[in-house]
Structures are given as structure tokens and as C-alpha cells.
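**Student:** Next come the chains, spelled out residue by residue.
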Amino acid sequence: MNSQLELQQVSIKYGEFTAVDAVTLTLEKGQIGCLLGPSGCGKTTLLRAIAGFEPITAGSIALRGTVISTPRRQLPPEQRKVGMVFQDFALFPHLDVRRNVGFGLSQLPPGKRRQRVEEMLDLVALAPYAGAFPHELSGGQQQRVALARALAPNPEILLLDEPFSSLDSELRTQLATEVRDLLKQNGVTAILVTHDQNEAFAMADQVSLLNHGRVAQSDTPYNLYHNPGNEFVAEFIGDGNMITVTVNAAGEMSDGLGVLDQGHPRWRAGEPMRLLVRPDDVIHDDSSDLQLRVVGKAFRGAHNLYDLLLPDGQHVPCLTPSHVDVALGSHLPVRFHLQHVVVFSANQG
Amino acid sequence: MEVGTPAFTYPEPSPWPARLWRTGILLGTLLIAIPVLVVVASLLAGYSPAWQHLLSTVISDYVFNSIVLMLGVGLGTFSLGVSAAWLTAMCEFPGRRFFSWALLLPMAMPAYIMAYTYTGMLDYAGPVQTLLRDTFGWGFGDYWFPEIRSLGGAICMLSLVLYPYVYLLVRVAFLEQSTAVLEASRNLGKTPWQTLFLVGLPLARPAIAAGVSLALMETLADYGTVAYFGVSTFTTGIFRTWYGLGELQTAAQLAAFLLLFVFTLLILERRSRQRLRFHKTAVRDFPTRISLRGWRAALGFSVALMILLAGFLFPAAQLAVWGAANYLQIFDVRFLQLVSNSFMLAALASFCCLLLALLFGYGKRLYPGPAETAAVRVAGMGYAVPGTVIAVGVLIPFAWFDNTVDSLLRETLGISSGLLLSGTLIALVFAYVVRFLAVSLQTVESGLARIRPGIDESARSLGHSPLSILRRIHLPMLRGSVLTALLLVFVDVLKELPTTLILRPFNFNTLAVRAHELASDERLADAALPALAIVLIGLLPVILMSRSMPGPQESA
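The listed protein sequences derive, respectively, from chains A and B. If you read the first sequence in UniProt numbering, its first letter stands for residue 1, the second for the next number, and so on. If you read the second sequence in UniProt numbering, its first letter stands for residue 1, the second for the next number, and so on.
Calculated directly from the structure, the hints in this document are not laboratory data. Please note that the accuracy of each hint is not assured.
[Unchecked claim] Residues of chain A clear of chain B, computed beta-carbon distances all greater than 12 Å:
1) R48
2) A51
3) G59
4) A62
5) E78
6) K81
7) F89
8) L91
9) S106
10) Q107
11) A152
12) N223
13) R268
14) R335
[To be verified] Pairwise CB distance ranges, derived in the manner of DEER restraints:
15) T130/B / P71/A: 40 to 50 Å
16) A449/B / T173/A: 58 to 68 Å
17) L268/B / G131/A: 18 to 28 Å
18) H315/A / A18/B: 51 to 61 Å
19) D168/A / L268/B: 15 to 25 Å
[What the hints assert, rightly or not] With the Cβ distance kept under 8 Å, some of the chain B side facing chain A (calculated, not the full set):
20) G95
21) E176
22) S178
23) V181
24) V199
25) P202
Computed from a prediction, not measured in an experiment: that's the story for all the values here. Using N, Cα and C, we set each Cβ at its ideal position, and we do this for glycine too.
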């Protein structure tokens, strides 16, 4: 029982609607976890349950071995030692930065409290702004105040609810890396909630992808991308299309798309399969016999992203250098180059 | 780039519409400002010997009573308004939805009507003391009972009808506090109660200050309650100085001192509203209310019910009982005359207010300049000025005008013009417009603000002329605001007592004046019917307000 956070079969229902469905998760001390998923997948609800703002209807939540939530008893939020950074930061507009950060420290004697506040302000490099009010700060600075405020009482775990969503997109990735470094240096255990996979990949050691309240897959970012466990994960993470193909005994795909790795355990000859095709799996090659019609084209600076039509009517994406410039309706010679073959049985759903 | 000769030359737009609007706005503002300017200017005029008398006898009473009244009503409206707002916005208990709009009902009760009604209920022969005597077998003088006709009584009456100002603003402030901010406090180790005092109330502070200062402006403006309870304040003093001593100049000087208090409050209110901006947090996405159970639910329910009973249901029931018992004697041609007088006046005033409000609102929209903006703002300050002050400020210039014209005519033509403006409906309606223009101006301006400039521009680009835009877009979109503006002023005029008392033409009565006269003659039951009429019509804007009351996921 060394896990910092342990969720056992947690479900949260509102009447008939199941927001979170039997989620089991563990997080070790110092790890950064992430709940990733489309909006409405239950990730924020689950986070709020850990903070104690949502009652759970089944299962249990334990923090350092102490049960803090069961369907019968919820420890009130103020007794949980859980820190939280809110989506809009939720700074107290009537208090200056120093008193915002010191808000959770009232049990400390005044001298210690002052010292801790100074410490936290130094940590997030906001000491010069100690007397400023929230509305006088930039978005990034407000975010750091929120972080300092949540970390000041030394919580057992830090919850971050879409902490970068109200910031400019350029700032986001940079801040995500900064925040990760800061948490790692201080050995903070944390859970991040986001719908943005780049944020998730930049911050987290372990990402749990949620769909309709269930964990679709819980894994490292690398494995989520390259070894998705099911079609939902494959489609949600990264760009790419799922197409249906049939493979013969020699491993050749229909429509002359090329040869699949024969050693792949999940396919059988003659059976239809679902294959994940990422834009970099389809390569422009003037010497190729496979000519696909261009039905869509998006200019992305250094690259062109083409939408190509297979003879059987399915679509595949193709990323080419920008100078490969083909008009809509004409044909692009390509070949398939699948480095990480991701296939599912077509009967799976 | 070289500029070629344009193929077409367009006619320069005529400068006249702009000049006309601007002149209109500035003249209108000047007219509206006359009463206050006259009152302030009176400070520079000579001080009559009556001041010696005032200073040595009553002025300290005026100041003392006014200050105690303000402190008391401030405290009363604060505690009633904040608890009502907190209960209905932040808690969940049986009846919460009903109370969230029902707690506005006391707004329909003018304070002076509350005063008569409570006097009737609580005096020696009233139902309460009779019940006490019958229950305990007491006789006259056997027991102590609080005297309602006192400074304390006036504080209670005013607090009960004025707390909705605080309630409305603070409720919105509570509802607009983001859940996240309150949750952040819980997350940082604070209990719900600590959260209320450390975060909830401090965040609502600007709203509380704005609400209380509005209530205090009304307190300073009150004449009916304090006059009936025999409490000497500035307003009763102004009356006495004018009617008792016949000293109009001195009355104006007293009014100027009252204005000093008013402007202090006005500044306080303006500054609080500005600070509201900084205290804005993200809007609440879904309401999380503290669920009250068991005795806490019962307590919440009882507090809300008590406020509603004391502020509306008890006095309304008493009025209904009196009205039902007496309507045969009262309901006659003279009563209908009262109703038609009141309605005619109120309709006239609300129509004038609307026209001016449209002039100002449109002018500011079409030709926004610093002078116009300032002018419109000045014109909207009348709501802070007590009716007695405005009345005195109207009397002086109108009398001067009448006298000047009269003596001019006498000298040149040898005829007397008599009173042209003083004691006419013109004077009365003018005073109403000065006092209530702010109400319709605010409504019209917020209506106009909803019609974003983009709408005008897109209509212009689709080939419509400004006139066609006015007819096909603005008027339909403004209709709601226009009706609201008319209704609000109508009801305010109907309730207004001191202005009418001072400025009405001889023998011209309204519902408010008649109710006041009958009550002053101790004919409380007879006063019930006109009072009831005022309260019933006063309910209309309350219903309107309760419908537009903000609140996530709830229909009022």
C-alpha cells in the first residue's frame, strides 16, 4: 500500500446518467498522472471527486492508504490535504498575491506562515508581485499564483483542472514543461485533467484516456500513441484514419496498398481488419504505381496534408513536404510505409 | 499611392442633426439640473433670522435623528438583505425558489403605508395588543409594549421596505461568484462557514455597499414615515420651515444640507459599483448550494418566512381587512377621482420621462462626446435627490418666473398674469421628471446597449436608411425597455408623497396624498383603500423584476 493515490472501481452517477464508470487507477509518489479525454468524458467529474466536491456512488478513493471517499462517507474537501489548481485559477480577487498564497496556511504561526509564503513566491518567481492583486497580473502570472497557493499547504497530491486552457496557445506547451519541471524537482504527486494530448504528453508520466466515463487505456504517452489498445484510443491520439482492409496469406493488403508485417499477431488471412493509417504512414513516391486521387488538401507551411481517396472509397491522410503541390482532383503517387502496425479485428465493433 | 480625382463627389453630411441633438441634450440637462442648482445656490443667499431659531432648537435634532435613522436602516437593510440573499442564492431548502422572488414583495409597499398599517396593528386598540390582553388577562398599563411611533419604529419600517435593494444586488453578487473560488477556499482547508466570511461576503462587499447606499438615499428622501411617527429629520424640517414658518429660502438652505448627506452616499455608491468590476470572478457554471437539512432547513425557512411576513404579508393582510370592511363608504366618485388624478399624473410624468430618456439615450449613442456623456450622467442623478429637495428647488425658480412675468405685465400692460407655473400640474410633472428621469434613462440605455453597433452597420450595408433602421430594428427591439421604463416611472410617481404634497395644485388630491391625509387624521381604516390601490399597482414592477431576476438554472 505505497500508492499515493488509489481509485478502486469508482463510479459517479447522476440519476440514470453514469458520468464515471468503475474507474480503477493508482499513482505512485512523485508521479504525474493525466486524465485525458474529449469533453463530457467524466475526467473533470473524477478530479472533483478526488478533491471531495463530488460524492461517489460506488468504489473508493484512498490517499496514502487512508480512505477519503466511499459512497457512504466523504471526507469534507477542507480535511483532505488535496491541493487544486482550478481551470480559471479561481484566485481570490479581493486578496493580494501574498494573502492568496497564504490563504491555506492559517494553522501555521504568523512567522512560519510568512516564511512559507516567501518560499512559495520564490519558487514560482513572483516575489516582486507579492502586493499585486490578481486583476493586475497576466494570465501566466495568475497561473503561477494559483500553483503556489495550491502547493503552499504541502498537499499529498496536486490536482490540476485544465490548468492551461485559459492561456494563449503559444504559452501552453512552454508552461506545461515549466510546471512539470517544477513539480518533479519538488517531488510533487499530481494529476492533470486536459483534453489536449500535447499537454498530456508534455506533462504526464502516465496518461489515462477516458471515454464515456471509462478508462479506455492507461499507459505511458509513447505506448498510447504507438500501441493503442482499441480503436477509440487509436483515433483520439494523434492524427490518422481507421480503414478496413483485407490481407491475404502473403500479408498483402487489398487494393495494392502494400505488405503488412507477417509476424503481426492480430490478423488472419482473408478476414477484414481495421488498420490505423497515420499521415506519415503514406509517403509520396513518384516511382510508385499506386496513384490516389486528391480530394482534400491543407497547407501547413512546411507540409501539405492531403486527403486521398482509395479505390474502394475509403480515405487516407498523407503528409508531404510543402513543395509536393498537387491540385485537387489529380492523382498523387504514394506508397504505404507502416512502421508501427496498429490493427484491430473488424468484428470488434 | 497617388490619389486620383474621384468620379463622384458626395454631399457633405449636414451638421444640423448633430447640433440639434447636442443642443437638446445640454438644454435638457440644464433644465433637469435647475432644482438642485437653485438649492445649492441658496447657500450663497442671505440667512434669515429663522436660522437663529433653527440652530438653537431643532437643527441638532434633525442631524441626530437623520444620522441615527441612517445607521439603523443601514444595519437593518444589511442584515435582512444579506441573509435573504445568502439563503436564496447559496443554500438549498424547501421553498427557496418561492422565496427568491417573494422576498422582493416588500418593494411594493411604500414606507409610509407600512407605517400607518403597523401603527394600526400595534397600537393599544390594534389586534396584537388586544390578543395579548385577552390571552393574559392584562388591563391598560399592566404591561410594557414597544412604541411603534418612534425613531426605532421608523428604522424598522424603512428597513423592512428597503432591504430588497440590498437583497437584489447581493443576490446577484453571490450568484456570480464562481463556484471555483468558493471551492478553492474549501480546498485550502476552510469550512463552509469560514468560506462565507473569508471569501463570500468580502467578494460581495461592493454590492452590499451599493445596495445599502441606495437604501440610505431612500431613507433620506423619506417624508411620510418620519412625519407620521413624529420623528424630526431634515425632510420634516424642510416641510415645517416652509409651511410653518413660510421661509422658502431657509427651507432651501436646509435642503442643501440634506444634499450634502446625499452626495456622500452617491459617491459611495458610484465607487462601489466601479469596484464591482474588479471583484468579478468567472461566472458560475452550475450552482452548488449548501443543502440545509433538518433544523437548519427549518431555520432557513423560518427566517425567510419571517422577513416576508413582516415586510409584506402582515401589512398587506391588514390593509385588505380594513379595505374589505370599508370599501362601501370609501369607494365612491371621489375615490374614482383620486384614481384618475393619480393615473393621469403618473402617465403624463412617465411619458415625459420616456421622451427625455430617448433623447438622451439616442443622443449619447449617435454623438458620443465627453460633454454629452457627462450631461446624461448628471441628468440621471435625480434619483438620489429627495423629493422635498426637488420640490423646494422647483418652487423658488417657478415663483420667481411668475413674479417677474406678472410685474412685467403690470408695468407695461397694466394687467396681472397671476400664477403661471407655481401650483400647476406643470410644476408637479416637472419635479417628477427631475426625480424619476434616472429610472427610465437607465432602462432605455440598457435597452439601447443591447442593440450593438454591428446591427446598425449590417442594416446600413443591406441598404437601409437610418430612419428605416429606427422603424424596423430599433423600435421593435426597444419595445420591451420602453414599456418597462413607462411602468417603472408610473409606479414611482404613484407612490411619491412629499413632492406631490408640496407642489400639487390647490385641492388636487392623489391616492398617496389622500392616504397620508386620512392616516394623519387617525382614520387608518379609511386610508386602507387608497393605500391598497398603491400597493397593488406597486406589485407590477416587482413581478416584472422577479421575472428578469438572474439565476442559473432556475425560472423565477
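**Student:** Given a cut of 8 Å on the nearest C-beta pair, is the interface hint for G95/B held or broken against chain A?
**Tutor:** Cβ of G95/B sits 23 Å from chain A, so the hint is violated.
**Student:** For L91/A, is the shortest CB-to-CB distance to chain B above 12 Å, so the non-interface label stands?
**Tutor:** violated, 8 Å
**Student:** For H315/A and A18/B, compare the CB-CB distance with the range 51 to 61 Å and indicate the outcome.
**Tutor:** holds, 60 Å
**Student:** Can we confirm that no CB of chain B comes within 12 Å of the CB of R48/A?
**Tutor:** Violated, because the least Cβ-Cβ distance between R48/A and chain B comes to about 8 Å, which does not exceed 12 Å.
**Student:** Confirm or reject the statement that A51/A sits farther than 12 Å, beta carbon to beta carbon, from all of chain B.
**Tutor:** Violated, since 6 Å does not exceed 12 Å.
**Student:** Checking hints one by one. Is S178/B an interface residue toward chain A, by the C-beta closer than 8 Å rule?
**Tutor:** holds, 6 Å
**Student:** Would the hint on V181/B stand, with a C-beta cut-off of 8 Å toward chain A?
**Tutor:** Hint holds; V181/B Cβ to chain A Cβ min 5 Å, cut 8 Å.
**Student:** Decide, holds or violated, for the assertion that all CB atoms of chain B are farther than 12 Å from the CB of G59/A.
**Tutor:** holds, 22 Å
**Student:** Measuring Cβ to Cβ, find out whether A62/A lies farther than 12 Å from everything in chain B.
**Tutor:** Non-interface label stands for A62/A: nearest chain B Cβ at 18 Å, farther than 12 Å.
**Student:** Does the no-contact call for A152/A survive, Cβ to all of chain B over 12 Å?
**Tutor:** Label violated. Min Cβ-Cβ 8 Å, cutoff 12 Å.
**Student:** Regarding the hint that P202/B lies at the interface with chain A, is the smallest CB-CB distance below 8 Å?
**Tutor:** holds, 5 Å
**Student:** Using Cβ atoms and 12 Å as the threshold, tell me whether S106/A really stays out of contact range of chain B.
**Tutor:** The claim is violated: S106/A sits with its nearest Cβ about 7 Å from chain B, within 12 Å.
In the structure shown, a violation is registered for the earlier hints numbered 1, 2, 5, 6, 7, 8, 9, 10, 11, 15, 16, 19, 20, 21, in ascending order.
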